[in-house]
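The listed protein sequences correspond, in order, to chains A and B.
Each residue of the first sequence is one higher than the last, beginning at 7 in my numbering.
Each residue of the second sequence is one higher than the last, beginning at 15 in my numbering.
I should point out that these hints are in silico values taken from the structure, not numbers from a laboratory.
From the three backbone atoms N, C-alpha and C, an ideal C-beta is built for every residue, glycine too.
Treat each hint with caution, since some may be false.
Unchecked claim - Simulated crosslink set (SDA-like; lysine to any residue; CA at most 25 Å straight-line):
#1 A:LYS49 / B:ILE101
#2 A:LYS49 / B:ALA27
#3 A:LYS49 / B:GLU116
#4 B:LYS131 / A:TRP27
#5 A:LYS49 / B:ASP157
#6 B:LYS94 / B:GLU83
#7 A:LYS49 / B:LEU33
Stated by the list, open to error - Derived Cβ-Cβ restraints for the label pairs, each shown as a range:
#8 A:VAL76 / B:ALA109: 32 to 42 Å
#9 B:ARG164 / A:TRP32: 36 to 46 Å
#10 A:MET85 / B:THR163: 42 to 52 Å
#11 B:ALA123 / A:ARG83: 45 to 55 Å
#12 A:MET53 / B:LEU32: 20 to 30 Å
#13 B:GLN80 / A:TRP27: 26 to 36 Å
#14 B:ARG92 / A:ALA72: 32 to 42 Å
#15 B:MET74 / A:VAL82: 37 to 47 Å
#16 B:MET74 / A:VAL76: 39 to 49 Å
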Amino acid sequence: MIWMLAEYAYRRPFLDVPPIWDYWLWLVIPLVAGVSVVYKSIKCGTMNRVPWEATVIFGWIIVGMAAAAVALAGIVRLM
Amino acid sequence: MSSYVRKLPPIVALAGWLLPGGGYLLLGQRTRGLVIGITIVLVFMGGLLIGGVRLLEVPMYDENGQAIENGEWVREIRAKPWSIAQILAGPVSIAGGVWSIEASIPDPAGHRASGAKAHVRLLEIGTLYTAVAGMLNLLAIIDATSRATREPA
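So here's chain A without its partners, still in its complex pose (with noise of 0.2 Å):
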């Protein structure tokens, strides 16, 4: 991760492509993250349950694709 980090700050942010070919699949959490706060900030009366409320559905998404991609890989060995 450190050396990750240290080529990449010899990058040109915004107009290089980080070198995160390996790592795409943990991308999937800040897009969640982002996704679960304006979501539950949206849809809950009082900002104070935010918080709480976008950590409970960040985790749900997260349980739920991971589901869905083991259900899909199974489908797909089993085709």
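Let chain A serve as the given structure and place chain B on it in line with the hints.
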């Protein structure tokens, strides 16, 4: 004057597009507006960081950042459908598009554009980030506009 502005949903919608979360700010919901706006901009910028600014394909401009003469708008937008979702993120997408065009222009000396084009997977993920940011902003605009109609007089 401020209560008059609060009753105008089109102004709330416009504020939400001009500044993600701006619709809520106009309605006096500062925390909600800031959280939503900062998150949307971060998701959009995250996409540009992952795939590079050149993932933004601007209609009527080609791969080398040159304006397409006599191009048809409908055909161009059909060829670059993600630009519809991306533009919903607000002026940040327009600024990114201008930067993308500049980064696409080949360097006369090296015959190479200053901005690199990502390979398929990172390009797709970056595009997804920017498009999701735009769609989230649309959701926020709709919600803020709806709240504006429900504001007490």
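Hint check results:
1. A threshold of 25 Å between alpha carbons decides the hint, and for LYS49 (chain A) with ILE101 (chain B) the separation of about 24 Å falls inside it, so the pair holds.
2. For the hint pairing LYS49 (chain A) with ALA27 (chain B), the CA-to-CA distance comes to about 18 Å; that is within 25 Å, so the pair holds.
3. Distance check on the hinted pair: LYS49 (chain A) and GLU116 (chain B) sit about 39 Å apart at the alpha-carbon level, beyond 25 Å; violated.
4. For the suggested pair LYS131 (chain B) and TRP27 (chain A), the alpha carbons sit about 14 Å apart, so the restraint of at most 25 Å is met.
5. Proximity of LYS49 (chain A) to ASP157 (chain B) is assessed by CA-CA distance (about 9 Å); at most 25 Å being required, the pair is judged to hold.
6. Taking the CA atoms of LYS94 (chain B) and GLU83 (chain B), the gap is about 17 Å. The hint holds against a cut of 25 Å.
7. Note on LYS49 (chain A) and LEU33 (chain B): the hinted pairing holds, with a Cα-Cα distance of about 20 Å set against a maximum of 25 Å.
8. In this structure the hint that VAL76 (chain A) and ALA109 (chain B) lie 32 to 42 Å apart at CB holds, the actual value being about 41 Å.
9. One distance hint, 36 to 46 Å for the beta-carbon pair ARG164 (chain B) and TRP32 (chain A), holds here, with the actual separation near 40 Å.
10. Range check, MET85 (chain A) to THR163 (chain B): about 51 Å between beta-carbon atoms, so the 42 to 52 Å window is met.
11. Our hint of 45 to 55 Å for ALA123 (chain B) and ARG83 (chain A) holds, since their Cβ atoms are close to 53 Å apart.
12. About 22 Å separates the C-beta atoms of MET53 (chain A) and LEU32 (chain B), a value consistent with the hinted range of 20 to 30 Å.
13. The beta-carbon spacing between GLN80 (chain B) and TRP27 (chain A), approximately 30 Å, falls within the hinted interval of 26 to 36 Å.
14. The hint said 32 to 42 Å for the Cβ distance between ARG92 (chain B) and ALA72 (chain A), and at roughly 35 Å that hint holds.
15. At roughly 41 Å, the beta-carbon separation of MET74 (chain B) and VAL82 (chain A) lies within the given 37 to 47 Å, and the hint holds.
16. Look at MET74 (chain B) against VAL76 (chain A): about 44 Å separates their beta carbons, and that is inside 39 to 49 Å.
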